[in-house]
Structures are given as structure tokens and as C-alpha cells.
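Residue numbers (numbering that gives the first Met the number 0), protein chains in the order written: chain A, 0 to 125; chain B, 0 to 290.
Take the hints with a grain of salt, since some may be wrong.
Unchecked claim - Okay, derived cross-link-like pairs now, DSS-like style, lysine-lysine, Cα gap no bigger than 25 Å in a straight line:
| hint | chain 1 | residue 1 | chain 2 | residue 2 |
| --- | --- | --- | --- | --- |
| 1 | A | LYS52 | A | LYS103 |
| 2 | A | LYS66 | B | LYS176 |
| 3 | A | LYS103 | A | LYS84 |
| 4 | B | LYS122 | B | LYS96 |
| 5 | B | LYS96 | B | LYS127 |
| 6 | A | LYS52 | B | LYS176 |
| 7 | A | LYS52 | B | LYS218 |
| 8 | A | LYS52 | A | LYS80 |
| 9 | A | LYS103 | A | LYS116 |
| 10 | A | LYS65 | A | LYS80 |
| 11 | B | LYS96 | B | LYS176 |
| 12 | B | LYS176 | A | LYS65 |
Think of the hints as simulated: they come from the structure by calculation, not from any bench.
Residues per chain are reported as follows:
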Amino acid sequence: MQFNFDSTEPLYLQVAEQIEEAIFLNSFEEGAQVPSTTEISKQFHINPATVLKGMNILVTAGFLEKKRGLGMFVSTGAHRKIRDKRQTEFYQDYVINLVNEAQKLTLSEQAIIEMVKRGFEAHETD
Amino acid sequence: MKPIKVAHLVKQFNKNRVLDDISLNIQPDTIYGLLGRNGAGKSTLFNIITNRIPMSAGEVTIEGEPIANNDRVLNRIYLMSEGNLYPSRMRVGEIFKLTAGLYQGMDLELVSNLTQQFGLDVKTRFNKLSTGYRSILKLIIALSVDVDYVFLDEPTLGLDANHRELFYDALLDSYAKRPRTFVISTHLIEEIANLIEQVWVLQNGHITINESTEEMLQKGYAITGPTEDVVAYTAGLNVIGQDQLGNLRVNYVYGELVGDRAIPDTVSVSHIDLQKLFVNLTSQEVATVEN
Numbered sequence: 000m001q002f003n004f005d006s007t008e009p010l011y012l013q014v015a016e017q018i019e020e021a022i023f024l025n026s027f028e029e030g031a032q033v034p035s036t037t038e039i040s041k042q043f044h045i046n047p048a049t050v051l052k053g054m055n056i057l058v059t060a061g062f063l064e065k066k067r068g069l070g071m072f073v074s075t076g077a078h079r080k081i082r083d084k085r086q087t088e089f090y091q092d093y094v095i096n097l098v099n100e101a102q103k104l105t106l107s108e109q110a111i112i113e114m115v116k117r118g119f120e121a122h123e124t125d
Numbered sequence: 000m001k002p003i004k005v006a007h008l009v010k011q012f013n014k015n016r017v018l019d020d021i022s023l024n025i026q027p028d029t030i031y032g033l034l035g036r037n038g039a040g041k042s043t044l045f046n047i048i049t050n051r052i053p054m055s056a057g058e059v060t061i062e063g064e065p066i067a068n069n070d071r072v073l074n075r076i077y078l079m080s081e082g083n084l085y086p087s088r089m090r091v092g093e094i095f096k097l098t099a100g101l102y103q104g105m106d107l108e109l110v111s112n113l114t115q116q117f118g119l120d121v122k123t124r125f126n127k128l129s130t131g132y133r134s135i136l137k138l139i140i141a142l143s144v145d146v147d148y149v150f151l152d153e154p155t156l157g158l159d160a161n162h163r164e165l166f167y168d169a170l171l172d173s174y175a176k177r178p179r180t181f182v183i184s185t186h187l188i189e190e191i192a193n194l195i196e197q198v199w200v201l202q203n204g205h206i207t208i209n210e211s212t213e214e215m216l217q218k219g220y221a222i223t224g225p226t227e228d229v230v231a232y233t234a235g236l237n238v239i240g241q242d243q244l245g246n247l248r249v250n251y252v253y254g255e256l257v258g259d260r261a262i263p264d265t266v267s268v269s270h271i272d273l274q275k276l277f278v279n280l281t282s283q284e285v286a287t288v289e290n
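Given these sequences and hints, build the entire structure.
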């Protein structure tokens, strides 16, 4: 697990995002235990209350579940839920930015569509 | 343990008012960062709260009772200070024994583990220790005494990067095992930025900021773009500093942005880290809003 933190948004959100990413990439598999608040706190020198706040976001989202006395575990179906969530956010997170930048660069809609096609083709021939 | 309440505390050295009307609530089980420039009065504040030196006015109480009269409460508070309080010829091991006698319930196993991890030789005499190892000795004691409030004045003074990492590990490990309050004063702001829950900024004798780290960081912005656009966008905002590179301007803002003011395409808005925020807030130069 590699964590990168910066000052762009609240730390607890970054903690949540990084753990979510680790689940999405199967670094933490479904049903497996995730590191404890204390472990994450110690490893990255983050206040345990901040780590807990981040983890609780993932509990609320249904990606993690608490097992009393045992710790936090990746929920069954978490991977799929994260993918669904990211598909929903894809338009807002990527397409809107893409269109904004394209307009600044005076790239036409058609030019962007061509580029997207080219990107898919290049990926297929990889 | 109940909160420590500092109310209207004043400290005057001759005609010099070092601390002026300081009021703070120090909550149990919380990690605080006390930030201030050199000479801001951080050590003086610690020394007064822990009853090492008298205050000129005000009070420090716990459950309404002054701390100074209460040995039971004073035994629950520990100050790791810059001062060297130990007899210079005393050996490290003897200092540990002396402290264990003064503070009931000191965690001797932790003392022994940390001594080993830091590579501190218990046979060395105090006056033969380097600055770094003096700090290490003092912080081992600070982490091992059984108290509810620990004040750490420059705990990492003279420590190399590896030993500072080891200290932050030990601090968070100890805090997880036995939650208690730590108040840390340091100039290495970025190293503690993520581990402190609450920030106090001490400036010109006053506490000018008393906020959760999260809220404070949310209020700090860098507005970057062409000078005229940045100046127009930040007009009337709390501009605390600026950088200029040719016509490229960065205005640092602390506080709310104007929600209904459109951000020009040429201007970018981002957050800044705690150190940058602190430097701008406490810089002596008066921030000018105009060019």
C-alpha cells in the first residue's frame, strides 16, 4: 500500500480515497482485514482520529465493515460497488474537465471524439 | 481527567508583556500543536501552565481549582522542556531511576525499549550527551511517565531525520495504547501537521488561531494568476501574503472566499499546507492588498 498525501483536500478524505483505491486494485481483497487505525496512524504519522474519520466514510459507503473486537474488513461486493460509484462519477470527474480543457485549446467535439477513438485503439494494440 | 482551563493569562517580564490575555481549553486525549516564531513565548506559556514559573495575572484551573495548589493534579502533568534539569555528572540510567522515583507508574519497559531503539547508552553522563541525545533522553521520559497531559517543548531539537521518524512512531504508538493529551511546540511544522488535531498559533503575546487542523487548512488558499485578475478576485478578502513572479501573482488568503464571485478562467484556486499558511500568517511584513 502506498499513500500519498497533499494539501488539496481534507486529510480524512484522502485517507478514505487511498484505502478505497487499495480495495479497488485488490491490494485489500474482499473479506480480508484492512490495517487498523493505529497501524495506519503510525505508518503515515496521521492522527488516529483522522484515520478513523476516513475509515468511517468507507463503512457508511458499504466498502468496509466493522467486526466487533476484530477490526475492519473489506465488505463482500465492495469491489463492484466501488466500480459502480466510479462509473457514476466518471462524467463529472473526467468528461467535464476534458471538455473544459478542449474549449480552452479550441479543440472541436469531433477532434476529441477522434482522439478518444485513437486512445482506445492504442490501448487494444498494447 | 477534566480539561485544563487557561483564563486571561498574562506574563510580564519587567515592562515586557510576553503573554497577553491567553485563554485556552486543553481537552483530554487530544494532540495539540503550539506554533509560534522564535521568541513568541511558547516556552513561557508551557512553563506557566505546568507551574514552573509564576504568572503575572490570570489563572490555570482544572475543575475550577487552581493547578498550582494541587499536587495531585500536578503529578498528572509533565513538561519536557529545553532546559537541562539534570545534574551534569549523572548517568542516563540514574536519571531514569530518579524520574521513576518521582513519577509513580513510569513504564520502565517502554524506557528500555526506546533506549534500545534510539541507541542511547545508559552509562553515559548527562553532560557528555550530544544535543540530539539530550532530547532523546528527555522524550523517552516524557513518553514513559504515567500522566494525562504531556507538554513537549521542541521535542525533536537536534534529532536527525531517522530519530525524528522514530519519535513520531513512538508518540503515536504510545497515544494509541494509552490516549492522553500531548501539546507539541515545534518549528518542524510539516512533520507534525498530520498528527495534530488542533492548532494554536501564538503571536505577539496572543493566541491568534485556535482551530482544528482540518478547519484551518480548509481556510487557507493560494489564488494564482495574472496580477490584475488575482487582485480583483481577492479584493476585500483576508489576504495574508503574496508572491510575485513577473506578472504572475499568488495571493494567500485565510478565511472564506466570496461564494458568489465568479473565479476568472485565468485564475486558479488551491489549498496550501500548514507550514506555508503559518509562514504567511506570522510574517512580519504587512500584507498589502494592492499591487
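Margin query: Against the 25 Å threshold, does the CA-CA distance of B/LYS176 and A/LYS65 hold or violate the hint?
Written below: Given that 25 Å is the threshold and the Cα spacing comes to 20 Å, the pair holds.
Note to self: Check whether the Cα positions of A/LYS66 and B/LYS176 lie no farther apart than 25 Å.
What the structure shows: holds, 20 Å
Check: Is the hinted pair A/LYS103 and A/LYS84 satisfied, with a Cα-Cα distance of at most 25 Å?
Finding: Distance of about 29 Å is beyond 25 Å: violated.
Next item on the list: Could you grab the alpha-carbon distance between B/LYS122 and B/LYS96 and see if it respects the 25 Å cut-off?
Entry: holds, 13 Å
Margin query: Against the 25 Å threshold, does the CA-CA distance of B/LYS96 and B/LYS127 hold or violate the hint?
Written below: Distance ~18 Å between B/LYS96 and B/LYS127 Cα, so the pair holds.
Item checked: Given hint B/LYS176 paired with B/LYS96 - CA-CA distance at most 25 Å -> holds, 23 Å
Check: Given the hinted pair A/LYS52 and B/LYS218, is their alpha-carbon gap at most 25 Å?
Finding: holds, 20 Å
Next item on the list: Would you mind confirming whether the straight-line C-alpha gap from A/LYS65 to A/LYS80 stays at or under 25 Å?
Entry: holds, 17 Å
Notebook entry, point to check: Quick one, are A/LYS52 and A/LYS103 close enough, alpha carbons at most 25 Å?
Noted result: Measuring from Cα to Cα gives roughly 38 Å; hence the hint is violated.
Next item on the list: Please work out if A/LYS103 and A/LYS116 have their alpha carbons no farther apart than 25 Å.
Entry: Holds - the C-alpha atoms of A/LYS116 and A/LYS103 are around 21 Å apart, at most 25 Å.
Check: If you draw a straight line from the CA of A/LYS52 to the CA of A/LYS80, is it 25 Å or shorter?
Finding: With Cα atoms ~20 Å apart, A/LYS52 and A/LYS80 stay inside 25 Å; holds.
Next item on the list: Sort out whether B/LYS176 lies within 25 Å of A/LYS52, counting only the CA atoms.
Entry: Holds - the C-alpha atoms of B/LYS176 and A/LYS52 are around 19 Å apart, at most 25 Å.
Of the hints listed earlier, those the structure fails to meet are numbers 1, 3, in rising order.
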